[in-house]
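Protein chains: 2
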Amino acid sequence: MTSPIHDPSYDPSYDVVAIGNAIVDILSQSTDEFLAVEGMTKGSMALVFSPADADALYAKMGPGTEASGGSAANTVAGLAALGSKAGFIGQVADDQLGEVFAHDIRAAGVHFATAPRTGEPTTARCLIFVTPDGQRTMNTFLGASQYLPATALDHALIADAAILYLEGYLWDPEEPRAAMREGIRIARDAGRKVAFTLSDVFCISRHGDDFRALIADGLVDILFANENELLALADSGDFEAAVATVAAQVPTLVVTRSEQGAIAVRDGRRVAVAAEPIDRVVDTTGAGDLFAAGFLHGQAQGQGLEASLKIGAICAAEIISHYGARPMHDMKALVAEKVGR
Amino acid sequence: MTSPIHDPSYDPSYDVVAIGNAIVDILSQSTDEFLAVEGMTKGSMALVFSPADADALYAKMGPGTEASGGSAANTVAGLAALGSKAGFIGQVADDQLGEVFAHDIRAAGVHFATAPRTGEPTTARCLIFVTPDGQRTMNTFLGASQYLPATALDHALIADAAILYLEGYLWDPEEPRAAMREGIRIARDAGRKVAFTLSDVFCISRHGDDFRALIADGLVDILFANENELLALADSGDFEAAVATVAAQVPTLVVTRSEQGAIAVRDGRRVAVAAEPIDRVVDTTGAGDLFAAGFLHGQAQGQGLEASLKIGAICAAEIISHYGARPMHDMKALVAEKVGR
Chain A
1204 MTSPIHDPSY DPSYDVVAIG NAIVDILSQS TDEFLAVEGM TKGSMALVFS
1254 PADADALYAK MGPGTEASGG SAANTVAGLA ALGSKAGFIG QVADDQLGEV
1304 FAHDIRAAGV HFATAPRTGE PTTARCLIFV TPDGQRTMNT FLGASQYLPA
1354 TALDHALIAD AAILYLEGYL WDPEEPRAAM REGIRIARDA GRKVAFTLSD
1404 VFCISRHGDD FRALIADGLV DILFANENEL LALADSGDFE AAVATVAAQV
1454 PTLVVTRSEQ GAIAVRDGRR VAVAAEPIDR VVDTTGAGDL FAAGFLHGQA
1504 QGQGLEASLK IGAICAAEII SHYGARPMHD MKALVAEKVG R
Chain B
1204 MTSPIHDPSY DPSYDVVAIG NAIVDILSQS TDEFLAVEGM TKGSMALVFS
1254 PADADALYAK MGPGTEASGG SAANTVAGLA ALGSKAGFIG QVADDQLGEV
1304 FAHDIRAAGV HFATAPRTGE PTTARCLIFV TPDGQRTMNT FLGASQYLPA
1354 TALDHALIAD AAILYLEGYL WDPEEPRAAM REGIRIARDA GRKVAFTLSD
1404 VFCISRHGDD FRALIADGLV DILFANENEL LALADSGDFE AAVATVAAQV
1454 PTLVVTRSEQ GAIAVRDGRR VAVAAEPIDR VVDTTGAGDL FAAGFLHGQA
1504 QGQGLEASLK IGAICAAEII SHYGARPMHD MKALVAEKVG R
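Chains as they are written, first to last, in this note's numbering: chain A, 1204 to 1544; chain B, 1204 to 1544.
Take the hints with a grain of salt, since some may be wrong.
Repeated chains share a single entry, so a pair holds when one copy, or any two copies, can fit it.
Lysine-lysine pairs mimicking DSS-like chemistry, simulated, CA-CA at most 25 Å apart [said to hold, decoys possible]:
no., residue 1, residue 2
1, K1263, K1288
2, K1263, K1541
3, K1263, K1535
4, K1288, K1396
5, K1245, K1263
6, K1541, K1288
Derived by calculation from the structure, the hints in this document are not laboratory data.
Could you put together the complete structure from these sequences and hints?
What follows is the structure, encoded as structure tokens:
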């Protein structure tokens, strides 16, 4: 006798469940000069390992605003805003920022039940320096997030989601890496799909072999990358060659290209979408995360590749039009207005 | 022998030092329906007394963004952004939100050295529901803020500031009320001016007699009020009558009138300024606070009443054009562009 989740005719209750970092972002306006003085690489994410270093950098930061973040968490918040049913698994500490994170993701309509972790370290913080061009440069103190244990996984939840979504950022610390491997096993056993975002070039430089092995083993159904990440994964300097190489290895490849829009390749068919026009790029934080949300929502709705890319582009445009990486507008209305559904 | 601060020819180092609530705002988009269901009075501030009630209300709130707030704290942050030298005295707890508050006000360029308070309650939080018309409705859990003791006052700092600025909100809890009375004494002994904002009609309904006594005793040099507060203070239903009554009792009266601009009366002379045009009212949180910042900055710069009102209007327009009650644009440049100085 099979349980509902092992019955091929069973329709999962959740569209997407994600495993990711549980982070509160601290955003502040900054300058190119500040990034240069601090030796930061504009547009990238760097890890800050010690609480003391995080505090020292915070002390140099201008006045900030706080908002829940975390790449995959932003994606599921976007999915819920669009009307998909989404869940999240991630580790916060038992502190005020942990309460903020838990409140925000639940208030967004996402199922979140990972128990807070007591004791040090604190909930993860990401110090985000936003330059006048709207680019975000991130310094993340992973705190409690890096201690997500495999035992925190809700097996039934993962098995009950059509897609398990994983972020490359979380591959860095050891415990969550093991948890994500376990999550993939659970999803696969239940006959579910796995989506993976490469997150940042530094993740590929540290764990590229792991990522390539996951792909070679057929464990990634939908792969999200930006151009630089794709080149790094394919170890290539040529975009078209990299697309051809990687697309041959994953059922669905999605590549975001900033103001050049995005492409998707599936079964040898390649489609492209232009970036949505926006008045002003205020803050690019979360653009990739919300693109993924839009694309996955389209897929969950049974839309084709083109329509899914278009919804992704609409969501990305919304998120870069304001501060913070969680939607601030009525996403359902926005998509309905722009694609008529 | 007099100390520098008792020397009439001594020029104080600080333009304004404020005593106020040390609050972190949690802002969320809301609806008129939600306010009605929760029995909130739109546009007002209500106190939430128990941590359990604050948590229960937070649980009902949508996804939020956090930003340092507090009425007088917003004013000194605005003053510093304009180039005035400002200090702040207020009580946070020894927790993450307290760190956020302390970081933000210092990063804004304001001197802040009040030691955090250990143990319960937590740092003050203000749950702000922003309706589509941009109006803010506030529910404040005062937490540690209500335990600011008179012993926390930096006497030398207050004596070294041309103006001591006080918020009516802080008159409600007993310890800070005593601290503010002591602050007034210190400022007066040093020959400094006292500015006071009535903050909210509920403050006048609870402490109007205290406020009227302060004014009658000649302890308020600059009084800030909005229309409703002025009417409540004068116990009048007629705006002109209320202006006449109150203006006769304070050296300088400033009344903000939302989209009708503001007026100031000094020595029987009344001047008015129109509201600055803005594209869209996003969030009125902090409008009065920043108006006060602009006005006090003008006064600190030796400007006349009209110019000071104009700077106030410019600052108020900036703050209502975005989420949050702390400036997000280059305020010096904004004022220079609009008034040419």
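Here's how the hints hold up against the structure:
no.	hint	result
1	K1263 with K1288	between (40 Å within a copy, 20 Å between copies)
2	K1263 with K1541	neither (42 Å within a copy, 31 Å between copies)
3	K1263 with K1535	between (39 Å within a copy, 21 Å between copies)
4	K1288 with K1396	within (15 Å within a copy, 59 Å between copies)
5	K1245 with K1263	within (17 Å within a copy, 38 Å between copies)
6	K1541 with K1288	within (22 Å within a copy, 49 Å between copies)
This entry does not satisfy hint 2, going by the numbered hints stated previously; all others are met.
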